[in-house]
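J.: Given next are the chains, with one letter for each unit.
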Amino acid sequence: MLANPARLHLNRLLVIVGVMTALAAAFPTSQAQERVNPTATAVKEFLDRAKAYVELQKKEDGGLPPEKPGNTTSNVEIRQRALTARMRLARPDARQGDLFGSVAPVIRDIVVKDAQSRAPKDRKAAMKEVPPQNPPKVNAEYPAKADLATVPPLLLANLPQLPEGLEYRFMGRYLILRDTKANLIADFIPEAVPVVTR
Amino acid sequence: MHRRIFVQLVAGLFLAWPVVHAQDITLANKPDSVKFAAMGDNGTGDTPQYDIANLMSKVHDTFKFELVIMLGDNMYGSQNPNDFERKFSTPYKALLDGGVKFYAALGNHDNQKNVFFKPWNMGGERYYTFKKNNVRFFALDSDYIDPKQKEWLEKQLSSSNDDWKIVFFHHPLYSSAGRHGSEVDLRVLLEPIFVKYGVNVVFSGHDHVYERIKPQQGIYYFLSGAAGQLRRGDLQKSDLTAAGYDQDRSFMLIEIDKDDFLFEAISRTGKAVDSGSFKRQKKDAAQSTQSKPSPQNSPR
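Top line first, the protein sequences correspond to chains A and B. Take the first sequence: its letter number 88 is residue 427 in the numbering used here, and every next letter is one higher. Take the second sequence: its letter number 240 is residue 722 in the numbering used here, and every next letter is one higher.
In isolation and in its complexed conformation, chain A is listed as follows (with noise of 0.2 Å):
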């Protein structure tokens, strides 16, 4: 008995339907993770890092006196000098890319991408103050001498934005991560500016 053409071709159909369905129903995790994005991931979990280093900040500053305005700013740096002590005790181990992690070439992405769409003149003028370039250091004093150079506004509107405590500086090439209350350097991120003639 020839087969019905008609019915032959809804067999056909219905096995392709299947296998799809059983492998969909073997693979769920396949399909699942083309819907993750990886930068976002990243900056997720950077996001995530930074606010448990605020934690952090927030419970080393816990019992200190509080801040508050006086005629000179003696007690302010006492009170910080204090707090750095706290922080590098608390992070004694604490090295270049334990905050930033994967989310490094992203923010260096970014960052090129924001020199890239300035004219030369004011990539320059954007650098002209950065402090010259020192290998920086984790759980370092950013240096009382050195200039807290001006971050474009426009470029730190790309950036991910960072809790209170922590803030996004120039040394050089280097993209700093610092600490606001202890003036620590948290962490950097080398050669995330594209080189600039000074």
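These are computed hints drawn from the structure, not numbers from a lab. Possibly wrong hints are sitting among the right ones.
[Said to hold, decoys possible] Calculated pairs, PhoX-like style, for lysine-lysine (alpha carbon to alpha carbon, straight line, at most 25 Å): (1) Lys390/A <-> Lys765/B; (2) Lys383/A <-> Lys630/B; (3) Lys696/B <-> Lys765/B; (4) Lys696/B <-> Lys397/A; (5) Lys719/B <-> Lys463/A; (6) Lys512/B <-> Lys719/B; (7) Lys765/B <-> Lys613/B; (8) Lys595/B <-> Lys390/A; (9) Lys632/B <-> Lys390/A; (10) Lys614/B <-> Lys407/A; (11) Lys595/B <-> Lys467/A; (12) Lys614/B <-> Lys476/A; (13) Lys452/A <-> Lys484/A; (14) Lys512/B <-> Lys452/A.
On the provided structure of chain A, position chain B as indicated by the hints.
T.: Chain B in isolation, oriented as in the chain A frame:
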């Protein structure tokens, strides 16, 4: 012979020393007006800063400004307790003793901890606002305009119903000086906000000259960055320039009398290098038109 030289020297000193009398100030000096001074890039601790400070207190004898806005780089170099004395408290002692209040904005040479220096009235904040009669001032930290600060500014400006909105910070949105020039990045970010919320006047420093900018989108911009530092000859007057001065240190006096804004820029020798006045911009005018400076706005 020696006696003659001595007399000549003394006479020379008297002639050279700036003597500012009430009649030299062209401002209205009305009893109920808001009077203030503006100075930027002052904190060197050197003689020229002291000269300007002395001149300011001399002016204050007749023109009783109540406050001084500091446009950043309030202190250069080391910023220890001794430096606060030498670079601030001593030069401005007469003004401080006379009850003049200082309000600072941070510059790129200022240490962030200085927000806690009480005489600068920053209340421990990098950016803040305060009010004097019908004038509201907004101090920004232009070293680090992050989204949070921008959001704060929009909120504060939108909720302000004050007649005058004056914003001051270190880096100029417009400048014709050669060393730094206009901060275009900052302009892209801030100017739309200023226009949207009807900011009237903006003061900045950073470039060590004096420059009055032609009104931009209805907003008046002043650059006053030579109250201690000076970059002589750095002003490359451009289409932006309404008036400018780069031959000596300078500071500004301002008087706001109801709808009138009067200003004068004064050099270290006590000479007015620019002066003028304008009416408060109409809200919609400030938001959409290019207002023209009044005839009085031309430098003398």
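J.: Each hint needs a verdict: does it hold in this structure or not?
T.: A quick look at each hint next to the structure:
no., hint, result
1, Lys390/A <-> Lys765/B, "violated (42 Å)"
2, Lys383/A <-> Lys630/B, "holds (19 Å)"
3, Lys696/B <-> Lys765/B, "holds (18 Å)"
4, Lys696/B <-> Lys397/A, "violated (47 Å)"
5, Lys719/B <-> Lys463/A, "holds (22 Å)"
6, Lys512/B <-> Lys719/B, "violated (33 Å)"
7, Lys765/B <-> Lys613/B, "holds (19 Å)"
8, Lys595/B <-> Lys390/A, "holds (23 Å)"
9, Lys632/B <-> Lys390/A, "holds (21 Å)"
10, Lys614/B <-> Lys407/A, "holds (24 Å)"
11, Lys595/B <-> Lys467/A, "holds (23 Å)"
12, Lys614/B <-> Lys476/A, "violated (46 Å)"
13, Lys452/A <-> Lys484/A, "violated (30 Å)"
14, Lys512/B <-> Lys452/A, "violated (54 Å)"
Hint compliance for this structure: hints 1, 4, 6, 12, 13 and 14 are not met, and every other hint is.
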